[in-house]
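Taking the hints into account, I'd like the entire structure generated from these sequences.
Protein chains: 2
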Amino acid sequence: MSDGRKRRLSGCPIDYALDFFGDRWTLLVIRDLLFGGKRHFKELMESPERIASNILTARLKKLEERGLIERRSDPDNRKQVIYTLTDKGRDLAPVLVEMVRWGGRHDPNSLCPKSVVTRLTRDNERLLADMRAGMADAVRTVKARARR
Amino acid sequence: MSDGRKRRLSGCPIDYALDFFGDRWTLLVIRDLLFGGKRHFKELMESPERIASNILTARLKKLEERGLIERRSDPDNRKQVIYTLTDKGRDLAPVLVEMVRWGGRHDPNSLCPKSVVTRLTRDNERLLADMRAGMADAVRTVKARARR
Numbered sequence: 710m711s712d713g714r715k716r717r718l719s720g721c722p723i724d725y726a727l728d729f730f731g732d733r734w735t736l737l738v739i740r741d742l743l744f745g746g747k748r749h750f751k752e753l754m755e756s757p758e759r760i761a762s763n764i765l766t767a768r769l770k771k772l773e774e775r776g777l778i779e780r781r782s783d784p785d786n787r788k789q790v791i792y793t794l795t796d797k798g799r800d801l802a803p804v805l806v807e808m809v810r811w812g813g814r815h816d817p818n819s820l821c822p823k824s825v826v827t828r829l830t831r832d833n834e835r836l837l838a839d840m841r842a843g844m845a846d847a848v849r850t851v852k853a854r855a856r857r
Numbered sequence: 710m711s712d713g714r715k716r717r718l719s720g721c722p723i724d725y726a727l728d729f730f731g732d733r734w735t736l737l738v739i740r741d742l743l744f745g746g747k748r749h750f751k752e753l754m755e756s757p758e759r760i761a762s763n764i765l766t767a768r769l770k771k772l773e774e775r776g777l778i779e780r781r782s783d784p785d786n787r788k789q790v791i792y793t794l795t796d797k798g799r800d801l802a803p804v805l806v807e808m809v810r811w812g813g814r815h816d817p818n819s820l821c822p823k824s825v826v827t828r829l830t831r832d833n834e835r836l837l838a839d840m841r842a843g844m845a846d847a848v849r850t851v852k853a854r855a856r857r
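Protein chains in written order, with the numbering used here: chain A, 710 to 857; chain B, 710 to 857.
Check the hints yourself; a few may be wrong.
In this list, chains with the same sequence are indistinguishable; a pair is considered to hold if it fits within one copy or across any two.
[Stated by the list, open to error] Lysine to any residue pairs mimicking SDA-like chemistry, simulated, CA-CA at most 25 Å apart:
| id | residue 1 | residue 2 |
| --- | --- | --- |
| 1 | Lys788 | Ala761 |
| 2 | Lys852 | Gly746 |
| 3 | Lys771 | Arg814 |
| 4 | Lys771 | Trp734 |
| 5 | Lys823 | His749 |
None of these hints come from the bench; they were simulated from the model.
As C-alpha cells, then:
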C-alpha cells in the first residue's frame with residue numbers, strides 16, 4: 710500500500726498487487742529475474758516501473774545478503790556482472806503467480822491478457838511458460854503504446 | 710525487506726516472507742481477518758507481531774478505501790465496530806497460502822508445523838480449514854512458550 714504517495718502503475722498485475730501491500734521493488738526485481746529473463750543491472754533498470762538506480766542497487770544488495778539472488782561474472786563477458794535467483798528466490802514463483810491471478814482479476818487497467826490469468830494452471834512448468842509469454846506480451850503492448 | 714531496521718520475527722511464515730518484501734502490516738492484518746477469525750480492532754492489536762495502534766488505524770483506513778475490507782457495526786453490540794474482508798480481500802487467500810508455503814519451507818525458526826505446510830493442498834476449502842487450524846496451533850504454541 711502506497712500510504713498517500715501517488716504513483717503511476719505499470720499495468721502489470723504484480724505491480725497492482727504490490728500497490729496494496731508494501732514496498733514493491735523487491736518483488737518486481739524478483740519478477741524480472743524469474744519471468745523476464747533479465748540478468749544484468751541495465752536490463753533491470755529498463756522495466757516499465759522505472760526503478761531508480763540507487764534503489765535497485767540497494768535491493769540487489771539486500772537480496773544477495775538474504776540469499777535470494779547470486780551475483781557473479783557473466784561467463785560471456787567477464788567484465789560484466791549478472792544476477793541470478795537462488796533456489797530460495799526461485800521458490801517465490803507461486804507467490805508471484807497468485808499475485809498475477811489476483812491483480813489480473815481485480816485490476817481494471819491490467820495489461821495482462823485475461824486468457825493468461827485464466828490459463829494459469831497449477832502445473833508449474835506450463836505456468837512458468839505462460840507467465841513468461843504473458844510478460845513478453847505485456848512488454849510488447851507497453852512499447853507499442855509508447856510509440857503512439 | 711526491512712532495509713536495515715532490525716525487528717523480531719513472530720515465527721509466522723507470512724511474517725517471515727514479509728520481512729523479504731516490504732511493509733508487512735497490510736498483509737498481516739489481512740491474515741488475521743482471513744485465517745485468524747478476528748473482527749475487532751482490539752483483537753487485531755493482540756497479534757504476536759505487536760502492531761502499533763496508529764499503524765493499525767492507518768492500515769484499516771487504507772484497506773477500507775481500497776475496497777479490501779468493510780467497516781460496520783457489530784450486530785451483537787451496536788456500539789462496537791467490526792471489520793470484515795470483501796470478496797476482493799478474501800481473494801488474497803492464495804497469495805497468503807503461497808507465502809506460508811515459502812516461509813514454512815525456508816524459515817528455520819518457523820512456528821508453523823511442517824505438516825501444515827506439506828498438507829497445504831490446492832483444494833481451497835480444505836486449504837482454508839488447514840490454514841485456520843495451523844494458525845490456531847501456532848497461536849497456542851506462542852502462548853505456551855510465553856507461559857514458560
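Quick rundown of the hints versus the structure:
1. Taking CA atoms no more than 25 Å apart as the test, Lys788 paired with Ala761 passes inside one copy only; the shortest distance there is 23 Å, against 48 Å between copies.
2. In the homo-oligomer, the alpha carbons of Lys852 and Gly746 lie at most 25 Å apart inside one protomer (17 Å), although the nearest pairing across protomers, at 45 Å, exceeds that limit.
3. Taking the shortest alpha-carbon separations for Lys771 and Arg814, only the inter-copy value of 20 Å comes in at or below 25 Å, while the best intra-copy value is 31 Å.
4. Taking the closest pair of Cα atoms, Lys771 and Trp734 come within 25 Å of each other both inside a single copy (12 Å) and across two copies (20 Å).
5. Proximity of Lys823 to His749 under the C-alpha cut-off of 25 Å is found in neither arrangement, the shortest distances being 30 Å within a copy and 36 Å between copies.
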